[in-house]
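Spelled out from the first residue to the last, the chains are:
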Amino acid sequence: MMLLSAQKLTVRFGASEVLSGVTMGISAGEIVTVLGPNGSGKSTLLRALLGIVGAVSGTVTRSAGLRIGYVPQRLTMDRAMPMTVRRFLSLPQRVDDAAADTALGRVGLPGLGAQQMAALSGGQFQRVLLARALLVQPHLLILDEPTQGLDQPGEAAFYRLIEEVRRDTGAGVLMVSHDLHVVMAASDRVICLNHHICCEGTPRVVSNAPEYRALFGLGTQGALALYQHAHDHSHDHAPHAPAHHDHSGHDHSGHDHAEHDHAG
Amino acid sequence: MTIQAMTIQAMITRSMTMLDDFLVRAALGGIGLALATGPLGSFVVWRRMAYFGDATSHAAILGVAIALSLHLPVAAGVLTVALAMALVVSTLAAKGWAMDTTLGVMAHAALAFGLVAISFVPGVRGDLQSYLFGDILAVTRADLAFIWGGAAVVLGLLLWRWQALLTATLSEELAHASGINPGRERLVLTIALALVVAVALKVVGALLIAAMLIIPAAAARALSRTPEAMALGAVLVGVVACLLGLQLSLWQDTPAGPSIVTAAAVIFAAAAVWGAFRRL
Numbered sequence: 005m006m007l008l009s010a011q012k013l014t015v016r017f018g019a020s021e022v023l024s025g026v027t028m029g030i031s032a033g034e035i036v037t038v039l040g041p042n043g044s045g046k047s048t049l050l051r052a053l054l055g056i057v058g059a060v061s062g063t064v065t066r067s068a069g070l071r072i073g074y075v076p077q078r079l080t081m082d083r084a085m086p087m088t089v090r091r092f093l094s095l096p097q098r099v100d101d102a103a104a105d106t107a108l109g110r111v112g113l114p115g116l117g118a119q120q121m122a123a124l125s126g127g128q129f130q131r132v133l134l135a136r137a138l139l140v141q142p143h144l145l146i147l148d149e150p151t152q153g154l155d156q157p158g159e160a161a162f163y164r165l166i167e168e169v170r171r172d173t174g175a176g177v178l179m180v181s182h183d184l185h186v187v188m189a190a191s192d193r194v195i196c197l198n199h200h201i202c203c204e205g206t207p208r209v210v211s212n213a214p215e216y217r218a219l220f221g222l223g224t225q226g227a228l229a230l231y232q233h234a235h236d237h238s239h240d241h242a243p244h245a246p247a248h249h250d251h252s253g254h255d256h257s258g259h260d261h262a263e264h265d266h267a268g
Numbered sequence: 023m024t025i026q027a028m029t030i031q032a033m034i035t036r037s038m039t040m041l042d043d044f045l046v047r048a049a050l051g052g053i054g055l056a057l058a059t060g061p062l063g064s065f066v067v068w069r070r071m072a073y074f075g076d077a078t079s080h081a082a083i084l085g086v087a088i089a090l091s092l093h094l095p096v097a098a099g100v101l102t103v104a105l106a107m108a109l110v111v112s113t114l115a116a117k118g119w120a121m122d123t124t125l126g127v128m129a130h131a132a133l134a135f136g137l138v139a140i141s142f143v144p145g146v147r148g149d150l151q152s153y154l155f156g157d158i159l160a161v162t163r164a165d166l167a168f169i170w171g172g173a174a175v176v177l178g179l180l181l182w183r184w185q186a187l188l189t190a191t192l193s194e195e196l197a198h199a200s201g202i203n204p205g206r207e208r209l210v211l212t213i214a215l216a217l218v219v220a221v222a223l224k225v226v227g228a229l230l231i232a233a234m235l236i237i238p239a240a241a242a243r244a245l246s247r248t249p250e251a252m253a254l255g256a257v258l259v260g261v262v263a264c265l266l267g268l269q270l271s272l273w274q275d276t277p278a279g280p281s282i283v284t285a286a287a288v289i290f291a292a293a294a295v296w297g298a299f300r301r302l
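As you go down the protein sequences, you meet chains A and B in turn.
So for the first sequence, our numbering puts the first residue at 5; every next one is plus one.
So for the second sequence, our numbering puts the first residue at 23; every next one is plus one.
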């Protein structure tokens, strides 16, 4: 079932066309990542899908009664407003204590309700944002660079959590990132964006597409190898991911797996 | 007539005569104002709208001048001009013009234009001070009705939109994603601000309205853990400051409006020190 889709979406800020003719969609249970360099219109695409920015042409179609859980890119919690984690979870829809506790436990922060939002670490903050997004029991989670400011283990843990949420709730997940490796490993489908859609497909297909490699300047073998490893690690249980990579498609000469025994 | 009914009758009569006391009317006026400025002032602090409050309240003087020269009720003139100013400032802010400088220019220009305009109205010079600093000791029953009515409308607006207002204040993006229109919530605050300016003019005057919005809320911030606690705390601080200020005014014959603000500022300092110690 298609949850949310855009047809020929064009967004302009003043004279510059930030998105031109973007057509894409996301189905239930699917993890889609929008990849692109800084300023390529990734966040604008999410914001247009959410209705925050208007399009000059094109349409956005939502399935009837679609509930969206949104985790914004950056939420600077002004210290001027006192706000406990528990109170934050009840904005704008009030939730009861049991639901709030469950959501906090779900994101690995049980019993954190009394903390001030401003006192949280970066990783805790992102998890609380996710908990809040989960409380609406979303059909679709939209995350805009959700792991900004997290270190690598924190990032990996966050994406594992997203994967769990998808598995347990069957929600679709639409993410934006400029991080190539870990994110691609966590996605079913990747949309490579640079104002228009350059290429689209499974991570393996996209990572081999010339448009993608040109966009990210991936001439070197090392970066791709790193991605392949990350993919191996975190996708063992995903049905679509092969247990072992067929490396015949790439030029892997002189590549020693032992050298790349990175964390993850 | 039963004894109970007679007692109630007597109580009503007594409380009505209590209203004859200027000090009681002054206290009630200040309390009514604090009920509205507590929660609204919290939003002013959260949204960093201090200059916004200044611009709107300074525009009140221009409203007085226009009302007097057109022989209209002062409250109507103040409400109209304050609302116009609040709308202009809030539109500029929404369009990204909310620079400190723009708002500063608006705030001071509004005051200057108002003072120049009022100098053309014959026979107002003597009353000018009461418009600038308030005249809470001269609050009449009609004023009380206006103050409490206005405060009730402001409180009602804020309570009605509370969850949406908080969400939009926290993040316009989050609000949008939850189906809340941040522009509409901004309009609610804009209208509430203009109403409070009209209500507060008699109590603390155009120059000190912003102080009554910001200082009690800032004092409550140091001791609050949730937005609701802060809004209630701000009401409490406002009420206490009003009563203390009136005492000071009575005791030392100081001007009432500035005395109330002085009391609020002392409470703010005490709360800030206490809050700092608690964090140690």
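Some clues are possibly wrong.
Claimed, not checked - Pulled a few chain B residues facing chain A out of the computed Cβ check, cut under 7 angstroms:
(1) Val67
(2) Trp68
(3) Gln151
(4) Ser152
(5) Gln185
(6) Ala186
(7) Leu188
(8) Thr189
(9) Glu195
(10) His198
(11) Ala199
(12) Ser200
(13) Asn203
(14) Arg206
(15) Pro249
(16) Met252
If you're looking for bench data, these hints aren't it; they were derived computationally from the structure.
Computed from a predicted structure; not experimentally measured.
Note that beta-carbon positions come from the ideal geometry of N, C-alpha and C, so glycine has one too.
Consistency of the hints with the structure:
1. Val67: Holds: closest Cβ of chain A sits about 5 angstroms from Val67 of chain B, inside 7 angstroms.
2. Trp68: Constraint on Trp68 of chain B satisfied, holds at 4 angstroms.
3. Gln151: Interface hint status for Gln151 of chain B: violated (33 angstroms vs cutoff 7 angstroms).
4. Ser152: Constraint on Ser152 of chain B not satisfied, violated at 33 angstroms.
5. Gln185: It holds, given that the least Cβ distance between Gln185 of chain B and chain A is near 5 angstroms, below 7 angstroms.
6. Ala186: 6 angstroms, holds
7. Leu188: 6 angstroms, holds
8. Thr189: 4 angstroms, holds
9. Glu195: For Glu195 of chain B, the interface hint holds, since the closest Cβ of chain A sits about 5 angstroms away, which is under 7 angstroms.
10. His198: 4 angstroms, holds
11. Ala199: 4 angstroms, holds
12. Ser200: 5 angstroms, holds
13. Asn203: Asn203 of chain B check fails; min Cβ-Cβ to chain A is 10 angstroms, beyond 7 angstroms.
14. Arg206: This interface hint is violated because 13 angstroms lies over the 7 angstroms limit.
15. Pro249: Hint holds; Pro249 of chain B Cβ to chain A Cβ min 6 angstroms, cut 7 angstroms.
16. Met252: 6 angstroms, holds
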